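**Q** First to last, the sequence lines map onto chains A and B. According to numbering that gives the first Met the number 0, the first sequence holds residues 0 to 190 in order. According to numbering that gives the first Met the number 0, the second sequence holds residues 0 to 190 in order.
Keep in mind that the hints are not guaranteed to be accurate.
No copy labels: a pair is met if it fits in one copy or bridges any two.
[Said to hold, decoys possible] Derived EDC-like pairs: lysine to aspartate or glutamate, alpha-carbon spacing no greater than 20 angstroms straight-line: (1) K122 with D97; (2) K117 with D167; (3) K117 with D97; (4) K122 with D167; (5) K62 with E73; (6) K48 with E119; (7) K177 with D142; (8) K62 with D50; (9) K122 with D53; (10) K82 with D69.
Bear in mind the hints are in silico, worked out from the structure with no lab data behind them. Please read these numbers as outputs of a predicted model, since none were measured by experiment.
Protein chains: 2
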Amino acid sequence: MRQRATRQQIVAAADDLFYRQGFEHTSFADIAKVVNISRGNFYHHFKTKDDILDAVIKNRLGKTQQLLVDWEVEGATPKDRIKSYIRILLTNWTMIRDYGCPVGTLCTELAKLNHTSKNEANKVFTLFRVWLRHQFCLLGHTDNAGALAMQVLSWSQGVATLGNAFSDFNYVKQEVDKMCDWLDSLPVGTA
Amino acid sequence: MRQRATRQQIVAAADDLFYRQGFEHTSFADIAKVVNISRGNFYHHFKTKDDILDAVIKNRLGKTQQLLVDWEVEGATPKDRIKSYIRILLTNWTMIRDYGCPVGTLCTELAKLNHTSKNEANKVFTLFRVWLRHQFCLLGHTDNAGALAMQVLSWSQGVATLGNAFSDFNYVKQEVDKMCDWLDSLPVGTA
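Make a model of the complete structure from these sequences and hints.
**A** So this is what it looks like as structure tokens:
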């Protein structure tokens, strides 16, 4: 049980550090320091940083799936649920301002490293994409649900990148309002 | 003269490597290997990687300014010029597919590192932003030229991030067409 808790602590610490300072910039020592364990204990759980990355991505995939289930339960309508996605930009604003979007920035970092885990990391995008597409299908947009899902993902990514670069909360807030207005004004699809 | 040429070679090599594999992942040795110079000669020009980064950003700012001048000369109308910006997504597609947008990815990497040069790097975005705003002003959108400029920047960033993650040229092509159609269909502003 204790071993399992330590492993989870390592993954949580690595997840946070990979996000806040980047995968490449984070060392074993950085992670061990947060978890406060010996190098020996650390190696018992993970032999390489790539092993930790795999565990972090798996953890993010699990957390994302849970988040989507939560939104499914909380949101009375598909539009409410899509708005939950859009509003991450506000919910996580201070983190986005300082470190960008955790999904987009990990994907581009791993793309540059041509890392073997880049396709796994991209699956977090795919989870959101498939879920958004499903919500647009429920709204009756069966013909273009995929394109609408990509539009929401892309809009959100662009706003996260520029919100981060310009540290501009008002801009992000206005864009979130525009996205919600756009969603509300979408013509009803024909299911 | 030769010293100056070597310096420029170092900056060009570093610019390329910072883009393709990230700033953090690129070492002095990586850059020296490309330029094929001794460590001593290298240190004659740059003492730290941060010094090289400053020179790379300065170089990018200069290249961006030149690019904007070129577009200004080549494009008969402000719409033509804005389309030159939009079409970077196609012109640089294979690079974006493999490494993302050079501007956005450097900004987010430096934000994560909380690097002292992050504001300098963000100025590349600002150059595009101010130039786009000027083009929209010329189109008569004096009231919302700034918002329209941000919309083009943001749309382009979102498409670059998702085009990179999903390695999907058709998606990028469709988005570029949509952006150009959107631009053409903008109601005429009242200057």
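**Q** All the hints need checking, so say for each whether the structure fits it.
**A** Each hint, compared with the structure:
Only between protomers do K122 and D97 lie at most 20 angstroms apart by alpha-carbon distance; the minimum there is 17 angstroms, versus 24 angstroms within a single protomer. Taking the shortest alpha-carbon separations for K117 and D167, only the inter-copy value of 15 angstroms comes in at or below 20 angstroms, while the best intra-copy value is 30 angstroms. Within a single copy, K117 and D97 get their C-alpha atoms only as close as 23 angstroms, which misses the 20 angstroms cut-off; across copies the closest is 11 angstroms, which meets it. With identical chains, the CA atoms of K122 and D167 are at most 20 angstroms apart between copies only, with a shortest distance of 15 angstroms across copies and 29 angstroms within one.
Proximity of K62 to E73 under the C-alpha cut-off of 20 angstroms is restricted to the intra-copy arrangement: shortest distance 16 angstroms within a copy versus 49 angstroms between copies. Taking identical chains as interchangeable, the C-alpha atoms of K48 and E119 lie at most 20 angstroms apart only when both belong to the same chain, with a minimum of 15 angstroms there against 31 angstroms between chains. When the C-alpha separation of K177 and D142 is checked against a cutoff of 20 angstroms, the pair qualifies only between copies, where the shortest distance is 17 angstroms, while the shortest distance within a copy is 23 angstroms. In the homo-oligomer, the alpha carbons of K62 and D50 lie at most 20 angstroms apart inside one protomer (18 angstroms), although the nearest pairing across protomers, at 40 angstroms, exceeds that limit.
For a Cα distance limit of 20 angstroms, the shortest separation of K122 from D53 inside one copy, 12 angstroms, qualifies, whereas the shortest one across copies, 35 angstroms, does not. In the homo-oligomer, the alpha carbons of K82 and D69 lie at most 20 angstroms apart inside one protomer (13 angstroms), although the nearest pairing across protomers, at 41 angstroms, exceeds that limit.
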